[in-house]
Every structure is written in structure tokens, then in C-alpha cells.
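Asker: Here is how the chains run, residue by residue.
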Amino acid sequence: GNSVTQMEGPVTLSEEAFLTINCTYTATGYPSLFWYVQYPGEGLQLLLKATKADDKGSNKGFEATYRKETTSFHLEKGSVQVSDSAVYFCAFILTGGGNKLTFGTGTQLKVEL
Amino acid sequence: EAGVAQSPRYKIIEKRQSVAFWCNPISGHATLYWYQQILGQGPKLLIQFQNNGVVDDSQLPKDRFSAERLKGVDSTLKIQPAKLEDSAVYLCASSFGQGDLYEQYFGPGTRLTVT
Chain A
826 GNSVTQMEGP VTLSEEAFLT INCTYTATGY PSLFWYVQYP GEGLQLLLKA
876 TKADDKGSNK GFEATYRKET TSFHLEKGSV QVSDSAVYFC AFILTGGGNK
926 LTFGTGTQLK VEL
Chain B
87 EAGVAQSPRY KIIEKRQSVA FWCNPISGHA TLYWYQQILG QGPKLLIQFQ
137 NNGVVDDSQL PKDRFSAERL KGVDSTLKIQ PAKLEDSAVY LCASSFGQGD
187 LYEQYFGPGT RLTVT
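For the record, the sequence lines run as chains A and B. First residue of the first sequence? That's 826 in this note's numbering, and the numbers climb one at a time after it. First residue of the second sequence? That's 87 in this note's numbering, and the numbers climb one at a time after it.
Simulated from the structure, these hints should not be mistaken for laboratory data. Virtual Cβ for every residue (Gly too), placed ideally from N, Cα, C. A couple of the hints might just be wrong.
[Claimed, not checked] In silico DSS-like pairs for lysine-lysine, Cα to Cα no more than 30 Å straight-line:
| # | chain 1 | residue 1 | chain 2 | residue 2 |
| --- | --- | --- | --- | --- |
| 1 | B | Lys-101 | B | Lys-148 |
| 2 | A | Lys-881 | A | Lys-925 |
| 3 | B | Lys-169 | B | Lys-148 |
| 4 | A | Lys-881 | B | Lys-130 |
| 5 | A | Lys-885 | A | Lys-925 |
| 6 | B | Lys-130 | B | Lys-157 |
| 7 | A | Lys-925 | B | Lys-148 |
| 8 | B | Lys-101 | B | Lys-164 |
| 9 | B | Lys-169 | A | Lys-925 |
| 10 | B | Lys-97 | A | Lys-925 |
| 11 | B | Lys-148 | B | Lys-97 |
| 12 | B | Lys-169 | B | Lys-97 |
| 13 | B | Lys-164 | A | Lys-925 |
| 14 | A | Lys-935 | A | Lys-881 |
| 15 | B | Lys-157 | A | Lys-925 |
| 16 | B | Lys-148 | B | Lys-164 |
| 17 | B | Lys-97 | A | Lys-935 |
| 18 | A | Lys-885 | A | Lys-935 |
| 19 | A | Lys-881 | A | Lys-902 |
| 20 | B | Lys-130 | A | Lys-902 |
| 21 | B | Lys-130 | B | Lys-164 |
| 22 | A | Lys-902 | A | Lys-925 |
| 23 | A | Lys-902 | A | Lys-885 |
| 24 | A | Lys-893 | A | Lys-925 |
| 25 | A | Lys-893 | B | Lys-130 |
| 26 | B | Lys-97 | B | Lys-164 |
| 27 | B | Lys-169 | B | Lys-101 |
| 28 | B | Lys-101 | B | Lys-130 |
| 29 | B | Lys-157 | B | Lys-97 |
| 30 | B | Lys-130 | A | Lys-885 |
| 31 | B | Lys-130 | A | Lys-925 |
| 32 | B | Lys-130 | B | Lys-148 |
| 33 | B | Lys-130 | A | Lys-877 |
| 34 | B | Lys-130 | B | Lys-169 |
| 35 | A | Lys-881 | A | Lys-893 |
| 36 | A | Lys-935 | B | Lys-130 |
[What the hints assert, rightly or not] Rough simulated footprint, nothing fancy, chain B against chain A, three-plus residues with beta-carbon under 8 Å:
| # | stretch |
| --- | --- |
| 37 | 863–875 |
| 38 | 915–923 |
| 39 | 928–936 |
Hey, can you work out the whole structure from these sequences and the hints?
Answerer: Rendered as C-alpha cells:
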């Protein structure tokens, strides 16, 4: 079946540290890949996306590259800030799947001074 | 531009009681989604509307859950009767269309606790 596997949290980093949150997917068709972020008390927001293999999505200093050969879409940021503390969700939509998102379980990131 | 509105933000009920959640999507968005997010899990799609018609309700527990979007704008999700395992955050989202890659915009959610 279709699923997304994310690394478990919480991930705790010091400010300016390098961030990687791993995400792999299992999909029966050709997916478009997404990272969503949920700040405390707020709704989910689209952070970045990639729609085909080898595409790189980027936003607010975050990046993720669509790796079809390893079915992965790992999220990275070179220097995290306290304001990046949130829960990050990896997700996909299957092409022709009616815009139905399949989410991972989320990874909580805590950034400390 | 106003975002997706949901109410109430929090609700506590006893098992076997009924509860309803309301969602008002972004103006002009034809597609509306209800997701259930159980603690420690990712959101799961319950139902998707295109205007006032149901596109996908394959994961909606229809024996106790119902949803409507009568005028193709705002929507109500109801649980009757509630069970303990229904404790979750219920997220509403909307998008301009239902085709692939129309961005979904999420509301803040309603946190339901069933005791």
C-alpha cells in the first residue's frame, strides 16, 4: 500500500546546526512529494514540493531533492533557527489521484539557543 | 486573504455523545477536505468534496461519521455517537480545484477529546 516513513522525533538541535529529517515513501504510482510544517497552534502549511525525479524543492532555507532511485525526499537546512521549531510532515500525492495527500507521522523539531 | 476557518477549536465530550465541527473554506475554493489527525500520526483524509458533491469518502466511518457541504461553501462534519478512539484533531483544508497539485490550505483544526 501507499505510505510515508519519517524519522521519529523529537529532534533537538542547537541554533545554527545542520538539519536533516529523513523521509522515504512507498507508492503504487508516480508521486509528487511535499513537506508541510505545523507551527504550534497553527494549521499545516506547505513548505516545499517536488513533482518529478531529481527536482529540488526549496523555501525559507529548507531544501529537499526527489530521489526516485531511493524513494526518498529528505528535508535539509544548513542553519536552523529557534523559529524553525515545529512539526514537519512528509507527504505525497499520486499523479491522477485526485489531490489526495498521504502523510507521514511527522517529526518534531526543537531548536534551542 | 482570509484563511480556512474552523470552529470550535476545542471540544470535550463523553463517549456516545454527538458532536459537530464547522469549516469555512477560502473564498472561491471549490474543493474541501476533512482530515483526522490522531496523536502521533499523520493526517488521514476522511472525505473530499468538490463543490457540494462527494469525491472520496472511502475512509470515512459511515456508521458514525457524516459530512455535508450543502451549498458548496462551508461544511459540517458530525460524529454520532462518539467513541474514545475518535479523540483527534480534525483538520479542514480547501483548494481551488481538485486536480493534482492544487495547493491545499489548512485550517487550525478542532481538537476533540472523548472521555
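Asker: The structure should be examined with respect to each hint, and the outcome stated for every one.
Answerer: A quick look at each hint next to the structure:
Between Lys-101 (chain B) and Lys-148 (chain B) the alpha-carbon distance is near 17 Å, which keeps this suggested pair within the 30 Å criterion. About 22 Å separates the Cα atoms of Lys-881 (chain A) and Lys-925 (chain A), which keeps this hinted pair within 30 Å; it holds. Restraint check for Lys-169 (chain B) and Lys-148 (chain B): satisfied, since their Cα atoms lie roughly 14 Å apart, inside the 30 Å limit. For the suggested pair Lys-881 (chain A) and Lys-130 (chain B), the alpha carbons sit about 26 Å apart, so the restraint of at most 30 Å is met.
Our distance criterion of 30 Å between C-alpha atoms is met by Lys-885 (chain A) and Lys-925 (chain A), whose separation comes to about 25 Å. Taking the CA atoms of Lys-130 (chain B) and Lys-157 (chain B), the gap is near 25 Å; set against the 30 Å cutoff, the hint holds. Distance hint between Lys-925 (chain A) and Lys-148 (chain B) is fulfilled; the C-alpha atoms sit about 19 Å from each other, no more than 30 Å. With a C-alpha separation of about 14 Å, the suggested pairing of Lys-101 (chain B) with Lys-164 (chain B) holds against the 30 Å cut-off.
In summary, the hint linking Lys-169 (chain B) to Lys-925 (chain A) is supported, as the alpha carbons are separated by about 26 Å, within the 30 Å threshold. Between the alpha carbons of Lys-97 (chain B) and Lys-925 (chain A) the distance comes to roughly 27 Å, so the proposed pair stays at or under 30 Å and holds. Restraint check for Lys-148 (chain B) and Lys-97 (chain B): the C-alpha separation of about 21 Å stays at or below 30 Å, so the hint holds. Proposed proximity of Lys-169 (chain B) and Lys-97 (chain B) is supported: the alpha carbons are some 14 Å apart, at most 30 Å.
Our distance criterion of 30 Å between C-alpha atoms is met by Lys-164 (chain B) and Lys-925 (chain A), whose separation comes to about 21 Å. Taken as a hint, the Lys-935 (chain A) and Lys-881 (chain A) pair is honoured in the structure, with Cα atoms around 25 Å apart against an allowance of 30 Å. For the suggested pair Lys-157 (chain B) and Lys-925 (chain A), the alpha carbons sit about 22 Å apart, so the restraint of at most 30 Å is met. For a cut-off of 30 Å, the pair hint linking Lys-148 (chain B) to Lys-164 (chain B) stands: about 10 Å separates their Cα positions.
This hinted pair checks out: Lys-97 (chain B) and Lys-935 (chain A) have alpha carbons roughly 28 Å apart, not beyond 30 Å. Distance hint between Lys-885 (chain A) and Lys-935 (chain A) is fulfilled; the C-alpha atoms sit about 17 Å from each other, no more than 30 Å. Distance restraint check for Lys-881 (chain A) and Lys-902 (chain A): the Cα-Cα separation of roughly 13 Å lies within the 30 Å cut-off, and the hinted pair is therefore satisfied. Of the pairs offered as hints, the one joining Lys-130 (chain B) and Lys-902 (chain A) holds, with about 27 Å between alpha carbons and a cut-off of 30 Å not exceeded.
This hinted pair checks out: Lys-130 (chain B) and Lys-164 (chain B) have alpha carbons roughly 16 Å apart, not beyond 30 Å. Proposed proximity of Lys-902 (chain A) and Lys-925 (chain A) is supported: the alpha carbons are some 27 Å apart, at most 30 Å. Taken as a hint, the Lys-902 (chain A) and Lys-885 (chain A) pair is honoured in the structure, with Cα atoms around 9 Å apart against an allowance of 30 Å. At roughly 20 Å between alpha-carbon atoms, Lys-893 (chain A) and Lys-925 (chain A) fall within 30 Å of each other, so this suggested pair holds.
Taking the CA atoms of Lys-893 (chain A) and Lys-130 (chain B), the gap is about 24 Å. The hint holds against a cut of 30 Å. Taken as a hint, the Lys-97 (chain B) and Lys-164 (chain B) pair is honoured in the structure, with Cα atoms around 13 Å apart against an allowance of 30 Å. Between Lys-169 (chain B) and Lys-101 (chain B) the alpha-carbon distance is near 5 Å, which keeps this suggested pair within the 30 Å criterion. Taken as a hint, the Lys-101 (chain B) and Lys-130 (chain B) pair is honoured in the structure, with Cα atoms around 22 Å apart against an allowance of 30 Å.
Only pairs whose Cα atoms come within 30 Å are accepted, and Lys-157 (chain B) paired with Lys-97 (chain B) is accepted, the gap being roughly 26 Å. Restraint check for Lys-130 (chain B) and Lys-885 (chain A): satisfied, since their Cα atoms lie roughly 27 Å apart, inside the 30 Å limit. For the given pair, Lys-130 (chain B) sits about 10 Å from Lys-925 (chain A) by alpha-carbon distance, which is consistent with the 30 Å threshold. Between Lys-130 (chain B) and Lys-148 (chain B), the direct Cα distance comes to roughly 15 Å. Compliance with the 30 Å bound is thereby established for this hinted pair.
Of the pairs offered as hints, the one joining Lys-130 (chain B) and Lys-877 (chain A) holds, with about 24 Å between alpha carbons and a cut-off of 30 Å not exceeded. Of the supplied pair hints, the one linking Lys-130 (chain B) and Lys-169 (chain B) holds, its CA atoms being roughly 18 Å apart against a limit of 30 Å. Annotation: proposed proximity of Lys-881 (chain A) to Lys-893 (chain A) holds, straight-line Cα distance about 12 Å (limit 30 Å). For the hint pairing Lys-935 (chain A) with Lys-130 (chain B), the CA-to-CA distance comes to about 24 Å; that is within 30 Å, so the pair holds.
By the rule of at least three residues with a Cβ nearer than 8 Å to a Cβ of chain B, the coverage given for the stretch 863–875 of chain A holds, with 7 such residues. Requiring three or more residues with a Cβ within less than 8 Å of a Cβ of chain B, the coverage given for the stretch 915–923 of chain A holds, as 6 such residues are present. With 4 residues carrying a beta carbon less than 8 Å from a beta carbon of chain B, the stretch 928–936 of chain A meets the three-residue requirement, and the given coverage holds.
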